[in-house]
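**Student:** Residues per chain are reported as follows:
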Amino acid sequence: MHPSEKSVPLVDIRGIHKRFGHNEVLKGVDLQVNRSEVISIIGKSGSGKSTLLRCINGLEAFDKGQIVVGGQPVQVADPTALRMLRQKVGMIFQQFNLFPSMTAGENIMLAPRLVHHRARKECEELARRLLTRVGLDGKFDAAPHELSGGQQQRVAIARALAMEPEVLLCDEMTSALDPELVGEVLQVIEQLARDGATLLIVTHEMAFARKVSDRVIFMHHGRVHEIGSAQEIFENPRTPELRSFLSFPARPADGEM
Amino acid sequence: MISFSTWDILRNLLFSLPWTLALSVIAFIGGGVVALLLLMLRLARRNLFERPVAAYVQLFQGTPLLMQLFLVYFGLALAGFETSPMTAAALCFTLYASAYLTETWRGCVEAIPKGQWEASACLALTFGQQLRHVILPQALRLSVPPTVGLVVQIIKNTSLATVVGFVELTRTGQMIANATFQPFTVYGLVALFYFALCFPCSMLGSWLEKRTRIQH
Amino acid sequence: MLDFSSVLAAWPIFLEGLAVTVVLTVVTCTLGTLLGTACAWCRVHGPRAARVIVACYVEFFRNTPFIVQIFFIYFGLPAIGLRFASFPAAIVALTINLGAYACEIIRAGIESTPRGQLEAAQCLGLGRWHTFARVVLPPALSRVWPGLTSQLIIIMLATAVCSLISTAELSYVTNRIAAQTFRQFESYIIVTLLYLALSIGFRRLLQWLGPRFFFGCAPAGAGR
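Residue numbers (the numbering used here), protein chains in the order written: chain A, 1 to 257; chain B, 1001 to 1216; chain C, 2001 to 2224.
There may be inaccurate statements among the hints.
[Unchecked claim] Some residues of chain C that are not near chain B, with every Cβ distance over 10 Å (derived): (1) 2006; (2) 2059; (3) 2084; (4) 2166.
[Stated by the list, open to error] Residues from chain C that face chain A, not an exhaustive set, calculated with beta carbons under 7 Å: (5) 2124; (6) 2135; (7) 2138.
I should point out that these hints are in silico values taken from the structure, not numbers from a laboratory. Positions of the beta carbon are idealized from the N, C-alpha and C atoms, including for glycine.
All chains, please: the whole structure from these sequences, using the hints.
**Tutor:** Here you go:
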């Protein structure tokens, strides 16, 4: 979990502004993500965390600024460019979004077959390997509605990994899970981090973020309010907003206006 | 051969419209009364009436209306009643409409959460009071959009009454088409007449359905 | 007094009519559902001009009676040079009629696709066709299957109306038997029971067919 020493960031976000109607959700966000870095994004609801993530893979169009992934700028208006981008950037959703008419294995095999045009047998082996990797050995033929929430989310992770993305975006992936199922999903992500994946994780699981991240970003009112290593952020938050968010007692200096 | 102008055709078709409407109204009102009765029976004495009413509904929903018309027409004759096309058609459509209406309304009542029944029972209301004050008002609101759809269905299906000789819009169209040798124009106009009757009702039904959905 | 003997003796003729009804039903249901799916796709994803045309087609055929439609096709179209024999006319009329209803039913299924499904498909890089055919359509069909099944049964029962343009299906042969035996009531009772059996059997068949072939592993009815 050491920050890579590559000079060109894998994801380069500069000056992103985004508004929904009259509501400006992102007010100028800058962030550089290096290869093999794990970055957690924390903040209150409405601070723009998920919106930022969704701008990176083109699910939301941003109004101003630039995002460059792996040397290619994100062009939301160009469907072909978006499809190329999405082969490099994978996404895990809060609601899993597994395809209900396909088994777990078929969910994983679908994109490699249709987008990468790989042979069926090769995709099947890949799917089985990935299912084992996320701890779901033997669930190849299970229908999504037969699986628990935690199992479904792990299948979703395997599905994203099948495309061998360079970056994995995780959008509150445990928020829709019952508490006892959260651990199994976090374990899988931890292992991915150990294996050197580049991860951007929006999460409310503070202990997990602290354990797995190289850097943590605290977002507040649409901006990167504080950024630092996991240790700096969680042990020594500087701004009063972050201290309040992490339930630290207010410092005497903060109380004065 | 007398030549007919389009206006002549239109005029004759227009005169037959009231018959289509009359049959539709009789079917809806008569069918509605029977449907309500069947619904009450089904709700009040579920074990006794569930099977017979379900069979009744299945009979009318699982057989062609054409055959139902023939059966009523020849059945009435066999039973010794004097059958005019009007009687046969009115009776058959009343029964046909009642089957569809009762099934739809039953669906609306069943869509009401069980909690409503339980809460009203716990307040010591009788069955009749439960229906009148709690269940039916809610079911009524839910039932308006699909009932409007059934009204459209009834209007369209009155066109089959032609096979028992009842002279409504379609039968008139047949007669005019045979007299004028202009089936393209005549049937085209007949279609437009039905469209003018049914399309506004369909639009009303869609609008009502959207409103009901928004309220929920 | 009811006498079924002469009517029952004509069972081979009933069988002939039944065969024609079955063929009509199978061909029309297949073609009509395909047409309906194409129209539903058009109404959701197609260009504006196509959407308007399909909307007009759907509204017109859903708000006019089937008997008038088939009379127009069989008796009226020859005036502009389109002449159909009765069996092809029946197929055309039934298909176009079913297409309009199926379009609306399937469109409701397509439009109730949760947005997350589309986003997931996009994020995996799937193109429009693959997204529609593999991700959207099977669960949509599973959601609307009860409604679609009912509509297909209505079409099967509507084949009876084709007897009015002399298509030799079940109702037509029954009319002949009734005329020959002078036992109208008995004939119609027999054939009504036959139709009842057909509709029950057809519904069972469709309920088995859907999950097996069209839904993938999504559960029938209210699947997510």
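**Student:** Give a verdict on every hint.
**Tutor:** Results of checking the hints against the structure:
1. 2006: Non-interface label on residue 2006 of chain C holds, nearest chain B Cβ at 15 Å vs cutoff 10 Å.
2. 2059: Non-interface label on residue 2059 of chain C violated, nearest chain B Cβ at 6 Å vs cutoff 10 Å.
3. 2084: The assertion about residue 2084 of chain C holds, with a minimum of 13 Å to chain B.
4. 2166: At roughly 14 Å from the nearest Cβ of chain B, residue 2166 of chain C sits farther out than 10 Å, so the non-interface label holds.
5. 2124: For residue 2124 of chain C, the interface hint holds, since the closest Cβ of chain A sits about 4 Å away, which is under 7 Å.
6. 2135: Status holds, d = 5 Å.
7. 2138: OK, holds: residue 2138 of chain C within 7 Å of chain A, min 4 Å.
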